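Using the sequences and the hints given, assemble the complete structure.
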Amino acid sequence: MNLRAHVRSAAVALVLGVLALGSMDGSEGGDPIAEAEGQIEEGELALEEARLRREVEAELRAADDRRRLEGGRATSSRPAGTDAADGAAARPMTIRTDLPAVLATLSDEGYTADQRDALFERDFEDRWFLVEGRITDVGTWMGRKYVTIEVAPGNLCDVYLDDSFDILSVRKGGLGRFIGTFSFLGTGVMFHRQFEEGREAPADLAATASGRPTSPEPPRSAPPQTGPRGEVRRIIAQLWDGSLSFDQREALFDREHKGRTVEIRGRVSDVGTWLGEKYVTIDLGGGHLVDVYPGEDFDLLSIRLGESRGFVGRYEFLGVPEMFHHRIESASETR
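Take any residue in the sequence shown, count from 1 to its spot, add 123: that is its number in this note's numbering.
Among the hints, a few may not be true.
Mimicking DSS-like on lysine-lysine, the simulated pairs with C-alpha atoms at most 30 Å apart in a straight line are [as the list claims (entries may be wrong)]:
id	residue 1	residue 2
1	K381	K401
2	K381	K295
3	K268	K381
4	K268	K295
Don't read these hints as lab results, they were simulated from the structure.
On a predicted model such as this, the values are computed, not experimentally measured, just so you know.
Right, dumping it as structure tokens:
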């Protein structure tokens, strides 16, 4: 019999005792049955309160255990090139170089989804791997820098790198070689595989089952800035040559071209005002439209649509073809 049953039995006994006393002295007063039921309800509430208190205390103890465990992991961080087990001295990092074969195993249709998860957690999660193959994307996500590598067909892997990594040091289509800890299984297409603590792979680390392209395109350096001026048409051609991701394109523009004096010449496709400022739109083709804002007032009727006009000004905003116009400010017309 549990504690709740004991409380109910005691309350029933109390009711019977009160009834017996009432019948003996014949005194009038409150309803003894209602009073007893109130006492039973109070007892049940006290039991429920005690149960909830025990559950809260258990949750707090579990949270403390988790914090201590996470704190232990944080304090056991190790420098690159070492892999320390609990209570053991640091030893050389073990880096697996068979990632394409591992991904093939994890994609095996002979496993159910739960089996694949269990296999990943048991044999591969948090292990160091060489991630090598064709670069398909470079950029930032939620403030974190990453490189996406196609290790094998249908297997895209995101390697997350620290803030010191220069996203302009690699190009889409080139060969990527990094190491990282396998942190998220993903599906390979809709949800990429993920690797944390990414860094460039040692030059002498060779893959045993490589997913590298047969003729990788070597990384190319950023286009040089020639003198104080650049020609907008040439700059746009370089930024949209297909080897740069969207984030890389913006980073390169900010570093090499934003705020610098550039030249532009092309066909006038619009003349007007925007928020009180007069502008001339130049169509460079391929969906690239450039809004030029002269530094001095000019007569809107002095420029006709379809004319070829040239300007020199500061390149302040990088547009997107057929969506957002490029912007050049403080411009002066050239002949």
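So, going through the hints one by one against the coordinates:
1. K381 x K401: Distance ~21 Å between K381 and K401 Cα, so the pair holds.
2. K381 x K295: Satisfied, since the Cα-Cα distance of roughly 23 Å is no more than 30 Å.
3. K268 x K381: Between K268 and K381 the Cα gap is close to 22 Å, so the pair holds against 30 Å.
4. K268 x K295: Given pair K268, K295 holds - Cα atoms ~15 Å apart, limit 30 Å.
No hint from the list above goes unmet by this structure.
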